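Residue numbers (this note's numbering), protein chains in the order written: chain X, 947 to 1412; chain U, 947 to 1412.
Hints were generated in silico from the structure; no laboratory data involved. Please note that a few of the clues may not be correct.
It does not matter which identical chain is meant; a pair holds if it fits inside one copy or across any two.
Claimed, not checked - Below, a list of computed lysine to any residue pairs in the SDA-like style, where the Cα atoms sit at most 25 Å apart:
| no. | residue 1 | residue 2 |
| --- | --- | --- |
| 1 | K1240 | G1185 |
| 2 | K1240 | R981 |
| 3 | K1165 | A1303 |
| 4 | K1165 | E1304 |
| 5 | K1240 | M1339 |
| 6 | K1241 | G994 |
| 7 | K1240 | Y1217 |
| 8 | K1346 | L970 |
| 9 | K1288 | A1216 |
| 10 | K1310 | K1346 |
| 11 | K1241 | R1212 |
| 12 | K1288 | N1219 |
| 13 | K1241 | A968 |
| 14 | K1165 | G1111 |
| 15 | K1071 | E1171 |
| 16 | K1241 | Y1167 |
None of these values were measured; they are calculated from a predicted model.
Protein chains: 2
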Amino acid sequence: MAEPARTNAESASTEAIARLQALLGDRLSTAEAVRDQHGRDQTWNAAGLPDAVAFVETTEEVQAIVQVCAETRTPVIAYGTGTSLEGHITAPFGGISVDFSRMDRVLQVNVQDLDCRVQPGLTRKALNEHLRDTGLFFPIDPGADASIGGMAATRASGTNAVRYGTMRDNVINLTAVMANGEVIRTARRARKSSAGYDLTRLLVGSEGTLGIITEITLKLYGIPESIAAGVCPFATLDGACQAVIETIQLGIPVARIELLDADQIRLCNAYSNLGLSEVPTLFLEFHGTEAGTKKQSELFAEIAAANGGGAFAWATHQEDRNRLWQARHDVFWAGRAYMPGKAALSTDVCVPISRLAECVTETKRDLEEHGLFGPIVGHVGDGNFHVLVCCDMTDSADVKAVKAFTERLAERALAMDGTCTGEHGVGRGKMRLLEAEHGPALEIMRQIKRALDPLNILNPGKIVAF
Amino acid sequence: MAEPARTNAESASTEAIARLQALLGDRLSTAEAVRDQHGRDQTWNAAGLPDAVAFVETTEEVQAIVQVCAETRTPVIAYGTGTSLEGHITAPFGGISVDFSRMDRVLQVNVQDLDCRVQPGLTRKALNEHLRDTGLFFPIDPGADASIGGMAATRASGTNAVRYGTMRDNVINLTAVMANGEVIRTARRARKSSAGYDLTRLLVGSEGTLGIITEITLKLYGIPESIAAGVCPFATLDGACQAVIETIQLGIPVARIELLDADQIRLCNAYSNLGLSEVPTLFLEFHGTEAGTKKQSELFAEIAAANGGGAFAWATHQEDRNRLWQARHDVFWAGRAYMPGKAALSTDVCVPISRLAECVTETKRDLEEHGLFGPIVGHVGDGNFHVLVCCDMTDSADVKAVKAFTERLAERALAMDGTCTGEHGVGRGKMRLLEAEHGPALEIMRQIKRALDPLNILNPGKIVAF
């Protein structure tokens, strides 16, 4: 089937823009700078500018936009903070970018039920700021201060996923505008249900291709009585990976267990002034009671020692802990700062944890063999790691070499029964890998897309082509 | 749209049976007794006999059956142990019941990754028996010794869900035969992925209406170092519910927290010889380290005391613990034994936990006001509870009164932002409630059904009518 969105895209958009200007007034922008900011991300994925950007304030406005866009066959692309990494927010066929920055409120906090309802433009840090006095927190933390809507749409996770799960596990229900113009709520607020198909999980990770999320109900957690964090250096990358594997297998309920290789530590030292030994290092955090975190960290220390780990350095004060995790979250920027004039491209594979050491080690060897620079950092408790590959985008040979590396990395993960993306999503960047990952299941995804968005107006050209 | 499966159902089945007999030989049965056993459950949902029962041994055989059934427009109904409670396994339009009892093997256990791959006919108890020497276990435990395939298909949970989640959270991937005759695997074995639509979660809970599950990869857990269990009596039902609410809110990682009202304790005493005081009672279990379970139970004891709870009676020996949980799992049979000649019909609602005490108390009052007998038992840590309503199926006035009660119960739960089914599923029994629960989201479910099963051959007439 051809891309319906391409047909008469320009005139379609012209009509849609005229109708939406009547609806939104100056909250619909066609300014070049605004369109440009909404049409490109931090990656090598091609920019694609929307024809206009709508700064929405209500679910009803989103519904009206989708209805106009359905009638005029105009693409609609949801936009949170623009921090996604696979071209999710680009508009390859033009259309309307729906910017949620004005829909950033916490609508309800149910302390008794450990949940809250928020608007999609709220960022994860703003949510936790809002929750500060309740004794509750929301644990999912991708590197960027992303919007909750974007995090739901890309099935984001982060450093706490090993303990608290990903967005898949922490969204109770969603309100969404579907391509048929209807506003649905995917589930009730009960913690579990067997009442029909799991539309919540279908929309989480669908990247705006099946519906546009306008409200999210999230699980919250009590701030632990005790939080213990620190870093542990290792003689070898393999030893660090083995320590992670054994920690998970022993069922130690570690809240965070992050691997940074020697190169990555060097970058973090430079960018965040950490002063750590430049060797493979695990960043850890334990949540629980005072006695519980003590016990957990003792068990981990034994495992570390048996795998060539050095002394655990505690970050006892909250400021030290914050500095540590801020440095961890800043690895992308540390990479960019270290490679001036070059791009730092983040890969994202995830494998069964038994294959983690092998996958990381082979990947490191691959980088060396091909003369590429790529620090490694990962949510290794989930088997998920990123290579931050340095690439001179002005040098076509370098671009080619880096692209070939990312292909080999994905193939390596797939061969180990892993996935081509643990948390970044598909967008445009990883579409070509889905056939190898899913085989005939990809056609089922296409059938779902065709059924729920027959006009192909919702973020067309992402995840599944039509 | 009419039920395509009804059209020429008889001749369609005749052709299908002839072709499948050639394929399966005496593993295709048309015997009345076999068809009868596969066409009715323990509930008041109408029986519906399949035209034949296929005892399959491989995914390829299931694929061949689906292909024949697609060509002949014959319904295909997956059958595990027949313990579902909403008419899921009945064949209202005839067709082929696919019995998985011969596909009951554990195919792989990955101790390092804490996962395993099994066939759908394996029961949960057989799986745990198989795992005994690995130090691992699978926690999901609906009352019956159900098949893993059936548990996945109905999004089952049970007493451990408050700690370990439901089947939604514990299926890593599925192999399934889809209506188009393709065998798909829904995901890789990595613990998390953002690679496209979550087909795993779409099939979990789809009750055989979107695909037929032929393999399941499950998460496993280490058997806890320490397990502490016991019972705690309460002066009032409300006090018991409040204690549950506070336990969850405090984040005590209780593994099981089950409520049995005074009537239910009376039944359990009679059936399982428990010798407990006949008052509202919580059954609890704590998992962790020795120190951890001690701390958890101390915290709970404080909460209980503040809510009219009596002394916690520990089940220290494993046999006592087993007897306790066996009694809990036998409540359905205890109910049937207590009501000779009558049916014990199990309801299943789930509400946000803040509304639990109110919902249980109002329900108890409703039973009293209408002169109905209905012991209450529930996975109250999730806000999920069952009323085991006594019904004389030969007395149409009694049937009418019980049906009216179940309607009021569902409406009460929905009014509290709860669901009409926490874990039993929809089948035929709860279809009429989905409109009230889901509104326009139900049409999205129908669109998915039509897209993935355009001939309506997969368990037709369940969840969504077409």
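Quiz item: Which hints from the list above does the structure break, by number from lowest to highest?
Solution: 2, 5, 6, 7, 8, 11, 13
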